[in-house]
Amino acid sequence: MKQGLPMLPGNRSALEVDVNAGDTAWMLTSAALVLLMTPGLAFFYGGMVRSKSVLNMLMMSMGALGLVGVLWVLYGYSMAFGNDVGGGLLGAPFEFLGLNGLLGADSLAGTIPSTVFVAFQAMFAIITVALISGAIADRARFGPWLLFAGLWATVVYFPVAHWVFAFDAGDGSTVGGWIANQLKAIDFAGGTAVHINAGAAGLALVLVLGKRIGWPKEPMKPHNLPLVTLGAGLLWFGWFGFNAGSALTAGTTAGVTFVNTLVATSAAMLAWLLVERVRDGHATTLGAASGVVAGLVAITPACSSVTPVGAILIGAITGALCALAISLKYKLGYDDSLDVVGVHLVGGLAGTVLIGFFASDAAPAGVNGLFYGGGVDQLWRQVVGALSVLVYSFVLSLALGWIVQKTVGFRASAEAETGGIDEAEHAERGYDFGGFGGGLRGSGTVHTGGKAPVLEGSNQ
Amino acid sequence: MKLVTAIIKPFTLDDVKAGLEQLGVHGMTVSEVQGYGRQKGHTEVYRGAEYAVDFVPKLRVEVLIDDSATEKVVEALVEAARTGKIGDGKVWVTPVDTVVRVRTGERGTDAL
Chain A
1 MKQGLPMLPG NRSALEVDVN AGDTAWMLTS AALVLLMTPG LAFFYGGMVR
51 SKSVLNMLMM SMGALGLVGV LWVLYGYSMA FGNDVGGGLL GAPFEFLGLN
101 GLLGADSLAG TIPSTVFVAF QAMFAIITVA LISGAIADRA RFGPWLLFAG
151 LWATVVYFPV AHWVFAFDAG DGSTVGGWIA NQLKAIDFAG GTAVHINAGA
201 AGLALVLVLG KRIGWPKEPM KPHNLPLVTL GAGLLWFGWF GFNAGSALTA
251 GTTAGVTFVN TLVATSAAML AWLLVERVRD GHATTLGAAS GVVAGLVAIT
301 PACSSVTPVG AILIGAITGA LCALAISLKY KLGYDDSLDV VGVHLVGGLA
351 GTVLIGFFAS DAAPAGVNGL FYGGGVDQLW RQVVGALSVL VYSFVLSLAL
401 GWIVQKTVGF RASAEAETGG IDEAEHAERG YDFGGFGGGL RGSGTVHTGG
451 KAPVLEGSNQ
Chain B
1 MKLVTAIIKP FTLDDVKAGL EQLGVHGMTV SEVQGYGRQK GHTEVYRGAE
51 YAVDFVPKLR VEVLIDDSAT EKVVEALVEA ARTGKIGDGK VWVTPVDTVV
101 RVRTGERGTD AL
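Residue numbers (the working numbering), protein chains in the order written: chain A, 1 to 460; chain B, 1 to 112.
Keep in mind the hints are simulated off the structure, nothing from the lab.
The model shown is predicted, which means the values in this text are computed figures rather than measured ones.
A hint or two may mislead.
A partial selection of chain A residues facing chain B, derived with a Cβ cut-off under 7 angstroms [stated by the list, open to error]:
#: 1; residue: Pro219
#: 2; residue: Lys221
#: 3; residue: Pro222
#: 4; residue: Asp280
#: 5; residue: Leu286
#: 6; residue: Ile326
#: 7; residue: Ser327
Even glycine gets a Cβ: it sits at the ideal position worked out from N, Cα and C.
Using the sequences and the accompanying hints, generate a full structural model.
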């Protein structure tokens, strides 16, 4: 089986490969592209909440950027990509502590410097944590969110990234994770490690934190759909780095995954809009943006193992499935505010499992699924991989969320929630329109001190 | 003196303004308001969840006029704002005790 990912980073002694400048340039670019997805996600989520909580929504993503970025360099990378400590469950946490030993010219990951691989994978850890926040919009305190984010990255994401993304070294010098090497489930860029993982965690936090006050009776409409669409566009743009970057080389695999990322997403958007048109009578902007994300989620694990036609089918199936799945929360009565479960968990499961049906050996992964004469061999591997991550993430997220709630208090007070979490948690408001507070005199706003000096001629 | 208040469909504002100017009404206050009468609201759908939006955006136009102009102003307003469809709005007239122009201190009809 050809896998898109090369071996774990290590010394080149056993493996005489030079740094490839083209690959390195592409991977640096990809890493930056994937970074942009997190602010993109912040906009995507931020536009969907009410205007009184837009900043808190942005800050949960920005907080993940800050915290997980640091943890990744300190010990996260080592937990994910250090030599296996046993059973394919975890990388040695102290092997690359502080990226120790990875800075030399002889430290390579395939054909790129180890540090480039570190940077690329850092962005995955960051966005996976940020994805969870959409489930608990409007009601989570910022500090406890950061505490949860740090715990979750450490206990859930870093190990699961090891399971899925850490491949054994060709010479046996380094051992990777069990899903990648023993189970041999295909998850090219993170259907399990990123989307099922975040989706299951979102579901767990919804159960810990409970419904928002007034849900589902009170209207909780998105306050800014242009922002949502902008966010979806940034996500799609960055996702080319996410998927085509996961080739870790600038070659054929990157080309195939790039095209599949384009076409599956297009198909998913059309399918979502079609469901809306038939069910609700209108094709909506929010539906288009949501369909884009559903398609991106679905093709993430599958982009190396299906043909572009297979990608269209996976995109279309998942787009329609997610459009239907998001109504379930009303029937089941859980307030997954921005449909992290309906889009990321359902979309991640669909994309991961559909590989078992649509994989074609014409694609770089070189595996045939059920519909291409490969039998059910790949299918059961996909199902086992998906369910393992789902159960692990859900159980531990439930436990971590419960601990945070019981110790420091995760959920905001009723007063903060109804008055607006932005003012309560961040002492800011997202928008300052109109004469009152818009910069006109006599707006009733007075500077009352604080650390910043009042400037001469400032309107206070 | 009278205060004429009109609730109108937003897109009729230009016609209303032109009609009043022809009658020599040089000044008005316009505000964006929301409300409903017989038109009721509409429905919006977000990710399959329907929201009934009861309040419809309208404009409230307020003009201060001399008693003698009342009939003509009301007529002009109604004519300019009418489309014949439900939701055209309402016009009402209330008596005003006094008016002061802030800049000069003029009072009564001189201040109009």
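A quick look at each hint next to the structure:
1. Pro219: holds, 5 angstroms
2. Lys221: holds, 6 angstroms
3. Pro222: Holds, because the Cβ-Cβ distance from Pro222 (chain A) to chain B comes to roughly 6 angstroms (cut-off 7 angstroms).
4. Asp280: holds, 5 angstroms
5. Leu286: Holds - the Cβ of Leu286 (chain A) comes within 7 angstroms of chain B, reaching about 6 angstroms at its closest.
6. Ile326: holds, 5 angstroms
7. Ser327: Holds. Min distance 5 angstroms.
The structure meets every hint from the earlier list without exception.
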